[in-house]
Each structure stands twice: as C-alpha cells, then as structure tokens.
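J.: Chain residues, written in single-letter form:
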Amino acid sequence: MVAHPDLQTQFDLRVAEDQRIEPKDWMPEPYRRTLVRQISQHAHSEIVGMLPEGNWITRAPSLRRKAVLLAKVQDEAGHGLYLYSAAETLGTSREQMIDDLHSGKAKYSSIFNYPTLSWADMGAIGWLVDGAAIMNQVPLCRTSYGPYARAMVRICKEESFHQRQGYEIMMTLAKGSEAQRAMAQDALNRWWWPVLMMFGPKDDESPNTALSMQWKIKRFTNDELRQKFVDATVPQAEYLNLSIPDPDLKWNEARGHYDFGPINWDEFWEVVKGNGPCNRQRLEARRKAHEEGEWVREAAIAYAIKRKMKSEK
Amino acid sequence: MDTQWPLWEVFIRSKQGLDHKHVGSLHAADAQMAMENARDVYTRRREGVSIWVVESKHIHASNPDEQESFFDPADDKAYRHPTFYQVPDSLTHI
Ligand SMILES: [Fe+2]
Ligand SMILES: [Fe+2]
Chain A
1 MVAHPDLQTQ FDLRVAEDQR IEPKDWMPEP YRRTLVRQIS QHAHSEIVGM
51 LPEGNWITRA PSLRRKAVLL AKVQDEAGHG LYLYSAAETL GTSREQMIDD
101 LHSGKAKYSS IFNYPTLSWA DMGAIGWLVD GAAIMNQVPL CRTSYGPYAR
151 AMVRICKEES FHQRQGYEIM MTLAKGSEAQ RAMAQDALNR WWWPVLMMFG
201 PKDDESPNTA LSMQWKIKRF TNDELRQKFV DATVPQAEYL NLSIPDPDLK
251 WNEARGHYDF GPINWDEFWE VVKGNGPCNR QRLEARRKAH EEGEWVREAA
301 IAYAIKRKMK SEK
Chain B
1001 MDTQWPLWEV FIRSKQGLDH KHVGSLHAAD AQMAMENARD VYTRRREGVS
1051 IWVVESKHIH ASNPDEQESF FDPADDKAYR HPTFYQVPDS LTHI
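Quick note, the sequences are listed as chains A and B, same order. The first sequence begins at 1 in the numbering used here and counts up one residue at a time. The second sequence begins at 1001 in the numbering used here and counts up one residue at a time.
Since the hints were made in silico from the structure, they are not lab data. It should be emphasised that the depicted structure is a prediction, and the values quoted were computed from it without experimental measurement. Glycine included, each C-beta is placed from N, C-alpha and C at the ideal position. Hints may be right or wrong, so weigh each one.
Stated by the list, open to error - Straight-line C-alpha distance at most 16 Å; calculated EDC-like pairs for lysine to aspartate or glutamate: (1) K24/A x E1066/B; (2) K24/A x D1065/B; (3) K308/A x E1055/B; (4) K216/A x E17/A; (5) K24/A x E1068/B.
Said to hold, decoys possible - Okay, the calculated bits of chain A under chain B, using three or more residues with CB under 8 Å as the criterion: (6) 21–33; (7) 75–86.
Stated by the list, open to error - Partial selection, computed: residues in chain A whose CB lies under 7 Å from chain B: (8) E95; (9) R297; (10) E298; (11) A300; (12) I301; (13) A304.
Let the sequences and hints guide you as you build the complete structure.
T.: In structure tokens:
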C-alpha cells in the first residue's frame, strides 16, 4: 500500500465516489482478504444452510409444500454457487474454500447449527432466518466489489419468495388447531434469539466493522441491521398473534424503535467455536457429500477427455 | 487426481432481441455440462432464452492499469457525437 501510493489513492477515490472495484483492478491486500473471507463465509452459509431445511423435504405435509421447499433449497444451492464464483474472481480457488470449510478454518452462519425439530421450523426459518438474511443482503447489493454486488442483486431477487413461503406456513399454523398454534409458538421461541445473533457481535465487539464500512463492503453496522430487523418483525409476529420470547421487548417512543432484551453472547461464541447443537453433524454431512462425490467428479473429467479425443480423431 | 473442473463464463440472452450478457461463472467438465449447469444455476425463473458458455481461459481482457492510455484515442474526438454540430432550432427530424 505504501509501495503503491498512486494506486492506493486511486482505489480510495473510487470507493469514496461509490464506484465499483472490479476483479482486475488494483486493490489493497487487506481489502482482498476481507472480501475472500466474507464472500466465502457467505457462500458456505448458503450451502450448509440447505441441511436444516433439507431435513424436512421428504416429510413436508403436502405436495405443494414439498415442491416449494425443494425449490427454496435449490435456490440456496444457487446462491452458494453465485457467491463461490464471485470469491473466485479474487484469486482464491473453489477447492481451497471447500477445504477451509471442511477443516473448520472457514466459518458459516451460526444459525445453521441449530436443529429443525418440527415442521413449524420450516415456517420460522423462512420467515425469520431468510428475513434476517434479506436485511443483511439488501445493502450488500451496493457493496463496493462489483462481482459480489452483482451476485447479491441476483440473490435478493430470489429471497423474497423464501421469506413469504415461510410466513405463509406460520400463518397456516397460527390459524390452525391448538396443537398447530403451539408448534408455531415453540418454533418462534427457539429461533428468535439465534436469529438476532445472526447479525454478528455488538458493534463495540466487532473489530472488522470500521474498516469494512470505510471500504464500503458493509453499509450498516451489525447493531443497526439487528434493530431494523426487530422493528420490521414485531408487527409480523403480532399479526400472527404469536408472542416474541423477550419480556423486555417494548416500543420506545423516544427512539422510534423497539427496545429488546440482552442477547446471550456466551451461547453465540460457543456456537461459533464449534460447540453448537449441530456443528459436528453439519460439517460431517458436508464432508461426506464431498468425499462420496469424488468418483463422480473424476468420472466426468475422464468422460470429457475421452469425448474430446474422439472428436479430434 | 485433480478433480477441479475447468471454469466457464456464462452469458445469457434474457429476451429475444437483446444481447447476451455476462451473468457469472461455474465449473463443469465439458461444454455440455457447462450448458446444463448454467441453465440450472442462472435460469431457474426463465431468466433466459439463450445461453453461451465460454471456458474462462479463452477470454482475454483489457488491462485496467492501462485503461487511460488504452482508451484515450476517443478522448479528443468530440466530432463523433451529434451534439458537436450546430443546426438551427427551427429544423426538425435532424
Ligand atoms: Fe440464500
Ligand atoms: Fe433464502
């Protein structure tokens, strides 16, 4: 950076003017590293995120629900692929990213380490987890790195269906029998706090935030996004006549926002460190899929080589 | 054995009459697989009526470090734009 004063100035100017940085443009190494970490982490979250919902595809209560859930999970696979290709434009390889996920070096969203115990969890995940993801992802459509921003635009177009199908499941259960209402309430109780943790540590404990904001990778801080999410979601829960499991939750007229109770950060860090309820299971499933797909990848290459030789004869 | 499939760039014509536009990339063993993967990854909602796939190694890009000098031949040729020419306001269709 000190070695390239002109390039650094040009980069800073571009970012300040809200221009996009493209793959072949000069960029400071820490910017590149931050992007690789954030984009690959995001890609891993999409891929690992298929597991908790995939768990319910064969047990969906109707053919309609099954087709919808299948389409949603397939979208998440697509999101993972958009993001892996965006990260690859920064010079990292797909294998390296997958290896880092499987070795535990790379992280993915802590939320996917929670189990999906009932069908109502499909409702709660779509409504809350995808809802939180949307809060996070909409500003990323304007992030400073071009390929990441373009991948996010594509993703955001697809996310809104995810949230709405989840809310529809919740509405159906909330208007159903006593047992169904109880299922919906139980799902909300279990997912609410982990969803608030999805936005990441509090601003004063998030050392990367300042630089990410300066580089315009991030446009809002973790706490700002968390607050926006709570404000947007409370009325949706009220409509369902379900109660959010937080005795401190109340409208604050002066702030124009909802106040909410303290988050259990010990739990968050435990899950991030690998000690959540499903961390081991999730990584095992990913490793197994990768290892058991090895022969397919090899066969496809061998077949492609053989066909090419034939056509060159 | 290296089982990383080659990288392909994907271009999609979103509607009859429009240009193909770059949408992203993917890995595939050969062109046919690239085409099918491109369909599944990039056109799940009828986003396209035609797909091109090109192996990334075949794409040559201009160098951003030489952007200024590379494109400057166009800088001093304002006469290539219609606004360079003065015609009376009273005339139409010109
Ligand atoms: Fe997604
Ligand atoms: Fe989603």
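J.: Now look at each hint and say whether the structure bears it out.
T.: Structure-based check of each hint:
no.	hint	in the structure
1	K24/A x E1066/B	holds, 11 Å
2	K24/A x D1065/B	holds, 9 Å
3	K308/A x E1055/B	holds, 14 Å
4	K216/A x E17/A	holds, 10 Å
5	K24/A x E1068/B	holds, 15 Å
6	21–33	holds (count 4)
7	75–86	holds (count 6)
8	E95	holds, 5 Å
9	R297	holds, 4 Å
10	E298	holds, 5 Å
11	A300	holds, 4 Å
12	I301	holds, 5 Å
13	A304	holds, 4 Å
Of the numbered hints given earlier, the model fails none.
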